[in-house]
Every structure is written in C-alpha cells, then in structure tokens.
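Novice: These protein sequence lines map, in sequence, to chains A and B. In terms of this note's numbering, the first sequence is residues 1 to 322. In terms of this note's numbering, the second sequence is residues 1 to 322.
Among the hints, a few may not be true.
[Said to hold, decoys possible] Calculated lysine-lysine pairs in the DSSO-like style (CA-CA distance at most 27 Å, straight line):
1. B:235 - B:9
2. A:235 - B:313
3. B:92 - B:107
4. A:92 - A:107
5. B:313 - A:276
6. A:270 - A:92
7. B:313 - A:184
8. B:138 - A:185
9. B:9 - A:138
10. B:9 - A:185
11. B:92 - A:138
12. A:184 - B:92
13. A:313 - B:9
14. B:184 - A:184
[To be verified] Which residues of chain A face chain B? A partial, calculated answer using Cβ under 8 Å:
15. 67
16. 71
17. 169
18. 197
19. 293
These aren't lab readings, by the way, just hints derived from the structure by calculation. Quick caveat: nothing in here was measured; it's all calculated off a predicted structure. Backbone N, C-alpha and C fix where the C-beta goes; we use that ideal spot for every residue, glycine too.
For reference, the chains in residue letters:
There are 2 protein chains.
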Amino acid sequence: MINNVSLEKAGHLLQNAESVLIFPHINPDGDALGSSAALCRVLRNNGINAWVLLEEDVPEYLKFMDTEFCTQDQSCIDEPDICVCVDCSEEKRFPGRVDIFNSGRLKLCIDHHVTSGSFGDYYYIDGDEAATAQIIYKLLLAMGAEIDSCVGSSLYVGISTDTGNFQYSNTTSDTHIIAAELLKKGIDHMGIMVALYQNRSLARVRLESMIVDRMEIFSEGRAAVSYVDSAMLEKVGAMLEDAETAIDTLRDIEGIEIAAFIKEKDDAVKVSMRAKYWGRVDEIAVRFGGGGHAKAAGCTMHMAVDEAIALIKKEITNYLEK
Amino acid sequence: MINNVSLEKAGHLLQNAESVLIFPHINPDGDALGSSAALCRVLRNNGINAWVLLEEDVPEYLKFMDTEFCTQDQSCIDEPDICVCVDCSEEKRFPGRVDIFNSGRLKLCIDHHVTSGSFGDYYYIDGDEAATAQIIYKLLLAMGAEIDSCVGSSLYVGISTDTGNFQYSNTTSDTHIIAAELLKKGIDHMGIMVALYQNRSLARVRLESMIVDRMEIFSEGRAAVSYVDSAMLEKVGAMLEDAETAIDTLRDIEGIEIAAFIKEKDDAVKVSMRAKYWGRVDEIAVRFGGGGHAKAAGCTMHMAVDEAIALIKKEITNYLEK
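Excised from the complex, chain A in its bound form (with noise of 0.2 Å):
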C-alpha cells in the first residue's frame, strides 16, 4: 500500500469540499464507473456539487448503472475544490482530461492499480484491494455516510467485474464480506447480474459457436487456433466485438496451454494470444513484432487469415516443442 492520508482524512477533504470532479479512467469499467458513481452519489447526498468526467459515452453495457451525473462537459464546475482520480493514478490514464485535472484546488487518487505509486496532493494506493470499489466502500464507512442500495449497487458493479465475480485469483475474504454487506442494502442483485453476464446477444453466441466449429487444435492437443472474419460476421449479423470473449473459451479448454485468437479487421489482421500455466506469449509475440503480458500478447500481421494461422501454428509449435 503506497499512501500519504487515511481513508478518514480524505473522507473529510471530501465532505468539506463545495465541489468535487470525479476522473475515472478512460474507456472505464465496471470498477472505474462504480467507484466512481457510488462517490459520486454519496457526496450529492451530502449537498456537495459533484460530477463524473468522462471523455467518452458510458459503455453500452454499463448504461443500466447510476451514471445520470457522468458527462463529458469540462466546464460542469468551475474551479473544482477538490479533483479525484479514481481507478487510475497516472495522466496517461485519462489524457483528454489532464488540465483539467490539474485545475483542481486539491488533487486526490484512489486505485488499486500500483503503478506509478504517489499521485495528486493526497493519494491512497492499495493494490491489495480487488476492486478500487473495496477502498470506495471503507472509505464511505469513514465518512461515515450511508451505504443505501443506489451506492450499494454501484459499488457492487465494481466488485464483481474486477473479480470475474469472485472467480479471479484476487477475491478476498473481504470481497465477499463487502459484498455481504452491500446484498445487506437491497440491491438489485439479480438486476446487476443479469446486466453484467445473462444478456449476450444472440449474434455474439451464434458467433462464438463458429468460431468453436473452425476451431483448430494442434501441438498434441496443446494449442488452440480459431478466427473470425467478415463473411462470418455477415452471417449471424455480429460484430467484431461480439469476438471479443472468444480467446478465453478457447483458453479454458481442458489441456490448452497457448490459445490464438485472429481477427480480419481491413487488410491486415490482429492476433491475441493468451498462456494458462507456464507459457510465456509475449515471446511468441514479439516475433511478429507484437508485445504484451506472459499470458496475455499479441501481434497485428499484414497477409490473408490462413497464411497468419499457418505462421502462428507452427511458432507456437515450435514454441511448445522446445
């Protein structure tokens, strides 16, 4: 944990101020908006004139969420008391918004990402929190405001899409207890649920399902390669987004140790590759002069899908065999 001010000193800033200006980061998701919604709420209650500043649309699938005080206006306050980046700690992650930023009388940061460390006046870094919710949630406690089931809900958004709800290698025992506490409110849990992982749309499915069906396995049951290309979006009326979750099914295949992932986007194609236990493809990566993480790379190449499946094979092959 990297800080230079308690939860209950910050929880005084804030409700001290006159007005406040939340930066979640860009392209936010469910933890960056439920954190910053659930803050955002709380210090309305409390009289304060407070808004989310975000330098895009709130995300499709996160519109069913309290965001009524995002917007995209920079001029919302004038000289806002305090500014607080919340789910990120570096300019880089809301670079449309740094002056802005930087006009607050007193610059706060609240993550769970331990990045850059110190950040803003006062920040209040703790990675070992799951969420940056979970640190929203006892900072809340110390100001001692009330939880009522619109924050619980924000708040539970946040926990829950950071943690793969509860499936990530970062649920705590505190997750879940926070998470009792906040079902405690009367949230919609239900509500949020269904929102979050029973709406897929039918073409996302239809899609997926082909991509299983030209899914290849090879280097002894090892590997996986599929892809998606347009005439198959064409056909189930999809997307390239509606692929977004189909190098994880092709992941979590019993046996499947490096997953490949093409997709046809103009005239060059993009490759994801991701490792389960001990493969490394950033090295397989950064032969096609991609990067990334050990079990999360990828690579963008200029030639026709099978002449990339046929490349990608044989180096993760190679790869496997040594």
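With chain A fixed as given, assemble chain B onto it according to the hints.
Specialist: Just chain B now, kept in the frame of chain A:
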C-alpha cells in the same frame, strides 16, 4: 423451513454414531457431492466409520474433489447407525439405494429443496438456503467440528456450483459470509475456480457449440430451446454430463426469459428449464409431472426428442403469452 430436528440435535446424533452412510442424489452435482464430502470428512476425522454411497461414478468434472470415501459398494457398512440423505429428500432421488437407506437404524435428511416435505425419522429442509452446503456448514458449526481447508473446499464447491458462483438469485448475504469464512480456512480458491470453470473438456466445448447451432429461438425472441441426443454425443466424443451447462448458455442470451434444454436418455427425455427475471418454470414443469424451483425446474417425458421439443415449445409459448 420444514424440520423436526435442530442442527444441534442432528449434529449430536451424528457425532454419537459409530457408522454413517451418506446418500447424495443421483447424478450428483457439486452441491450434493460437496455437502456429502464435507460431512463425511468431518465424521471420519471424528473416528466415525463414514462413507458416501453413490450409484454411479463421480462425474469427471468433480473428480478433483475430496472423494476417496465415495463408493458404490452397498455393503461398505453393515447395518449403519445413521443413513443421511443429503441435498435430496425423496426416495426417487436415490432410486438404486432405497433399501440400504431404509436399513439405517436412524434416517436423517438434510436438504434445501422444498419438495415432498417431511422425510426420514429426522429432517431439516430449508428452502431459503442457496445450497445444502450452507446447511452442512451450519451443522458443522453446531457440532463444533473443525473446518479445515479440505472440508472448506468441499463446501465451497457446493456453494459455488449451486449459486452459479454467486450469480444466481438464491445468493444471499449469508452465502457471501460463509464464502468469506471458508476462504479464511486456506482453501485453494483458484484451484477450485480453474477446475470448475476454466477447464472445459474439448468434447464439452464442441458439444455446446453444436447445441447452439441447433438452438431454436421462439415466442418473439423470449424463449430458446435446444437438445442433445446420442448422435451428437457420439460425433464429438462427449458424455451426457458435458451438456450440463448448456441450459445456462441458452438462458444467458439477451431477451430470453425462458430456456429449455432437452437431453435424450435411454428411451426418455429429461427436460431442464430456466427463467431469467419473472418466469416461473416450476409451473411449466409441473404440467409434465416434474417440479423444481421458480427459476430452475425440470421434468422427464417418455417420447422422442422432437415430440418433446414441440410440446415444450407450445407450453412455454402459452405461458409467455398469457
């Protein structure tokens, strides 16, 4: 709740037995097996001759569990002091083991399915519990038993599988509190998650893809039905249990309120049904002599797959249009 015994008294009876035979339901799922395994392990730790009696092999996907005391040998205990049925409360849920169950000096029943009500000499049936594993957890607390990582893992599997890993509407504050307590026991959370959710067999993935390919959407996009038959299983080298999660895939499609999935088994078909928001599939299942919960129910029909699909589609359409 229907009970004629407290958990304290049930625990006292179990602790004072010399031999206990445990009966999960046929085709045991994670909750039936997890609840049985946790109870069996604790009884053995207390020097009691305890076994879990099955009428089939442990399903492949649950073989990672603590199941060395699972047996199909009906003579494993001669005249058991207590026979306890777990996660089931009707003879038809353990049809091949009824005689040996009735040979117990005392018959005990612990379940969270409110079906036939009272059953056995002593019964504790609580339909408000998300999983029988939650009741077993409370029983073990009442017994003052030590819940180690092994016992905790079995209970976690039961709770996770019966709540869709905290996603279904049966998930309560209590569910999360118990999960938090179990995580504190040092269970291998990630190992369980990978085993249950990130290691689908190739046959299962291929089968699910075929099931989606054969899916019909009807009643103005509010219902989905699909099926699995022996030809499909043969084609991809899958077993019937590989179709276990297909019903969720159907229900999770945007706009779908009711999903039905039909499994050809011997000369009958087994129908599983799920509702998403407001539907009550138990009301539909009961018309075909089945039953279950509001959001998850099923029935058995003695006819061909295509005939069953036609009947089910008609009944669901009537239900959705009324």
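Novice: All hints, please: hold or fail.
Specialist: Taking the hints in turn, this is what the structure says about them:
no. : hint          : in the structure
1   : B:235 - B:9   : violated (52 Å)
2   : A:235 - B:313 : holds (26 Å)
3   : B:92 - B:107  : holds (16 Å)
4   : A:92 - A:107  : holds (16 Å)
5   : B:313 - A:276 : violated (41 Å)
6   : A:270 - A:92  : holds (24 Å)
7   : B:313 - A:184 : violated (38 Å)
8   : B:138 - A:185 : holds (24 Å)
9   : B:9 - A:138   : violated (40 Å)
10  : B:9 - A:185   : violated (34 Å)
11  : B:92 - A:138  : violated (49 Å)
12  : A:184 - B:92  : violated (37 Å)
13  : A:313 - B:9   : violated (62 Å)
14  : B:184 - A:184 : holds (21 Å)
15  : 67            : violated (20 Å)
16  : 71            : violated (28 Å)
17  : 169           : holds (5 Å)
18  : 197           : holds (6 Å)
19  : 293           : violated (17 Å)
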